[in-house]
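Trainee: Everything in the sequence shown is counted per this note's numbering, starting at 6 for the first residue and increasing by one.
What the hints contain is simulated information worked out from the structure, not anything from laboratory work.
Computed from a prediction, not measured in an experiment: that's the story for all the values here.
Hints are supplied without guarantee of correctness; some may be wrong.
Claimed, not checked - Dumping the calculated DSSO-like pairs for lysine-lysine here, alpha-carbon to alpha-carbon at most 30 Å:
1. K88 - K50
2. K88 - K52
3. K83 - K37
4. K37 - K72
5. K65 - K52
6. K37 - K73
7. K45 - K24
8. K65 - K45
9. K88 - K72
10. K37 - K52
11. K24 - K72
12. K45 - K88
13. K73 - K52
14. K50 - K73
15. K24 - K65
16. K50 - K37
17. K83 - K72
18. K45 - K72
19. K73 - K83
20. K52 - K72
21. K73 - K88
22. K88 - K65
23. K50 - K65
24. K65 - K83
25. K52 - K24
26. K24 - K83
27. K73 - K45
28. K50 - K24
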Amino acid sequence: MDSTPVTAITLSINNNIAKIDDVGTLPQYQGKGYASIMIKYALNKAKECGVDYCFLEASKAGLSVDKKIGFNELFSNKIFGLK
Numbered sequence: 006m007d008s009t010p011v012t013a014i015t016l017s018i019n020n021n022i023a024k025i026d027d028v029g030t031l032p033q034y035q036g037k038g039y040a041s042i043m044i045k046y047a048l049n050k051a052k053e054c055g056v057d058y059c060f061l062e063a064s065k066a067g068l069s070v071d072k073k074i075g076f077n078e079l080f081s082n083k084i085f086g087l088k
């Protein structure tokens, strides 16, 4: 593998609460575990910062990965658009 980034993630921390979102992997690299590695890395960084609670925004596509890591679904959102 070369040095091309294949997965991106955002970790936001406010006091002792963390949020993980914007998890995305290039289509040709999906299903290889890169998102899981990045989420676990973000969780470790959050723990190092003293975070007590972490939540994650997930799409339906990523929900199975997030559940395998240990996240539980709290609720689902519907997104509306207006033309």
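Trainee: Confirm or reject each hint.
Mentor: These are the hints, each one checked on the structure:
1. K88 - K50: violated, 41 Å
2. K88 - K52: violated, 43 Å
3. K83 - K37: holds, 28 Å
4. K37 - K72: Holds, at roughly 16 Å.
5. K65 - K52: holds, 26 Å
6. K37 - K73: holds, 14 Å
7. K45 - K24: holds, 13 Å
8. K65 - K45: holds, 19 Å
9. K88 - K72: violated, 35 Å
10. K37 - K52: holds, 25 Å
11. K24 - K72: holds, 16 Å
12. K45 - K88: violated, 39 Å
13. K73 - K52: holds, 19 Å
14. K50 - K73: holds, 19 Å
15. K24 - K65: holds, 18 Å
16. K50 - K37: Answer holds: K50 to K37 is near 22 Å, not above 30 Å.
17. K83 - K72: holds, 20 Å
18. K45 - K72: holds, 12 Å
19. K73 - K83: Between K73 and K83 the Cα gap is close to 23 Å, so the pair holds against 30 Å.
20. K52 - K72: Holds, at roughly 19 Å.
21. K73 - K88: violated, 38 Å
22. K88 - K65: holds, 24 Å
23. K50 - K65: Between K50 and K65 the Cα gap is close to 25 Å, so the pair holds against 30 Å.
24. K65 - K83: Holds: K65 and K83 sit about 12 Å apart, inside 30 Å.
25. K52 - K24: holds, 12 Å
26. K24 - K83: holds, 19 Å
27. K73 - K45: holds, 11 Å
28. K50 - K24: holds, 12 Å
In this structure, the earlier hints numbered 1, 2, 9, 12 and 21 are contradicted, and the remaining ones agree with it.
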